[in-house]
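Required output: the full structure, derived from the provided sequences and hints.
Read in order, the letters of the sequence shown correspond to residues 1 to 377 in the UniProt record's numbering.
Among the hints, erroneous ones may be present.
[To be verified] Here are the computed distance ranges between Cβ atoms for each label pair: (1) Q49 - A309: 34 to 42 Å; (2) L294 - T66: 25 to 33 Å; (3) L360 - Y56: 56 to 64 Å; (4) N19 - S370: 53 to 61 Å; (5) Q298 - D326: 17 to 25 Å; (6) Q299 - D133: 25 to 33 Å; (7) T11 - T66: 56 to 64 Å.
Simulated from the structure, these hints should not be mistaken for lab results.
No residue lacks a Cβ here, since even glycine has one placed at the ideal position from N, Cα and C.
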Amino acid sequence: MALDITDEFRTIVDHKRKNLDDSRRSKLGRPSHVVPGDAQIDGAPPFMQAYMKEAYTILQHIVSLTRMLAAVRRAYLDVHARPPPVTRQVVRALDLSGLDVWGDIKFFTNAERDQIDMQARTILARCADRVRDMEILEKPRFATSNRLYRLLPTLLLPDNVAAASDFVSAHCAGVTWYLTWRLTQVSQMQRDMQEERVRREMERTRTFGSGVAREVVGLKPNASEPTKPESSSWFGSASSVLGTSRLVQQNFHPEELDPLSSDEDEDDVELSASQIQQFEAENSQILRSAEDTLAAVQQAEARLLEISALQAELVSQLTRQTEISDQLYEDAIATSEMVGKGNIQLREARRRAREGRKWLLVFLIGASLSLLFLHYY
1 MALDITDEFR
11 TIVDHKRKNL
21 DDSRRSKLGR
31 PSHVVPGDAQ
41 IDGAPPFMQA
51 YMKEAYTILQ
61 HIVSLTRMLA
71 AVRRAYLDVH
81 ARPPPVTRQV
91 VRALDLSGLD
101 VWGDIKFFTN
111 AERDQIDMQA
121 RTILARCADR
131 VRDMEILEKP
141 RFATSNRLYR
151 LLPTLLLPDN
161 VAAASDFVSA
171 HCAGVTWYLT
181 WRLTQVSQMQ
191 RDMQEERVRR
201 EMERTRTFGS
211 GVAREVVGLK
221 PNASEPTKPE
231 SSSWFGSASS
241 VLGTSRLVQQ
251 NFHPEELDPL
261 SSDEDEDDVE
271 LSASQIQQFE
281 AENSQILRSA
291 EDTLAAVQQA
301 EARLLEISAL
311 QAELVSQLTR
321 QTEISDQLYE
331 DAIATSEMVG
341 KGNIQLREAR
351 RRAREGRKWL
361 LVFLIGASLS
371 LLFLHYY
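What follows is the structure, encoded as structure tokens:
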């Protein structure tokens, strides 16, 4: 688990700054907004300031989406909970920006679950597009800085300018890599929730079809009859209901009744027919409910395929950014080593030039004295 040690870092920096002398402290206190390769426009914010502001904005959206998914997970996965009949048909307008309202929500309808999936997928897609825009924004700056280094001689460049440019590029690549990694984690979280929702919906459909249909029929298998394998879907239970109703109709023959039967038997026959009609009506209701549940499951599976495609795209982008970050880090280290070697060579050249000037001065003085000696004598 990552730890936030920003406060400790700032404390150490303040302590180190207090121990410096006044000249170096004033030099470090001046803000530096110049980034190598940054063509600054009049009135425009500095490159790194705008770049990091955009990065923090994207990170804030990712954190808000993560907290929202964690807050609605319980109600989102509770597919057995049902709202009151009055508010069942009302689709609430869900606001993903406010996290305070999620604690009071105890249930979601399928339409609201689909709305959550759609808004979460939209946020992930927009954040991924903005991360790609940040990469595109970094490429011209890096290309401009490299073109500048190729045109200017090495001696005309300030110290550590090349290393600073490479480290800035590595830093920007690390920022985009971290944002893409957070997007991948959030998309995986939403994918797990959708998979769990589909699994629970399918389990609820099977349980609802096999259990409720048997309760509606109200028949229990006799011990003498052979036990039939229980259907694993609601279609089997519905067919058993229809088969039972047809069996009742086939076994009932009005001509076999005794003409001297009492009026109570006729009432019983009429009641059995009404029960059959009631069973058929309830069976139709069960079928409609199961069809609605199946449609919701199919729609959830479609949403799951979409978020899976988005996650695969984010993973490929994360892999590519990892390779770019590693390459930029290696280039920055190599450039830093080259700058260090170049500084050593420059110091050696200055030392040799100083010694050469001394020997030249000695030679000129000796030659002057020799000419004076020859002139007088």
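Status of the hints after comparison with the structure:
1. For the pair Q49 and A309, the supplied restraint of 34 to 42 Å holds, since their beta-carbon distance comes to about 35 Å.
2. Hint check: L294 to T66, Cβ distance near 31 Å, so the stated range 25 to 33 Å holds.
3. Range check, L360 to Y56: Cβ separation about 59 Å, and the 56 to 64 Å hint holds.
4. In this structure the hint that N19 and S370 lie 53 to 61 Å apart at CB holds, the actual value being about 57 Å.
5. Checked against the hint of 17 to 25 Å, the C-beta distance between Q298 and D326 comes to roughly 42 Å, which is inconsistent with it.
6. The hint said 25 to 33 Å for the Cβ distance between Q299 and D133, and at roughly 31 Å that hint holds.
7. In this structure the hint that T11 and T66 lie 56 to 64 Å apart at CB is violated, the actual value being about 29 Å.
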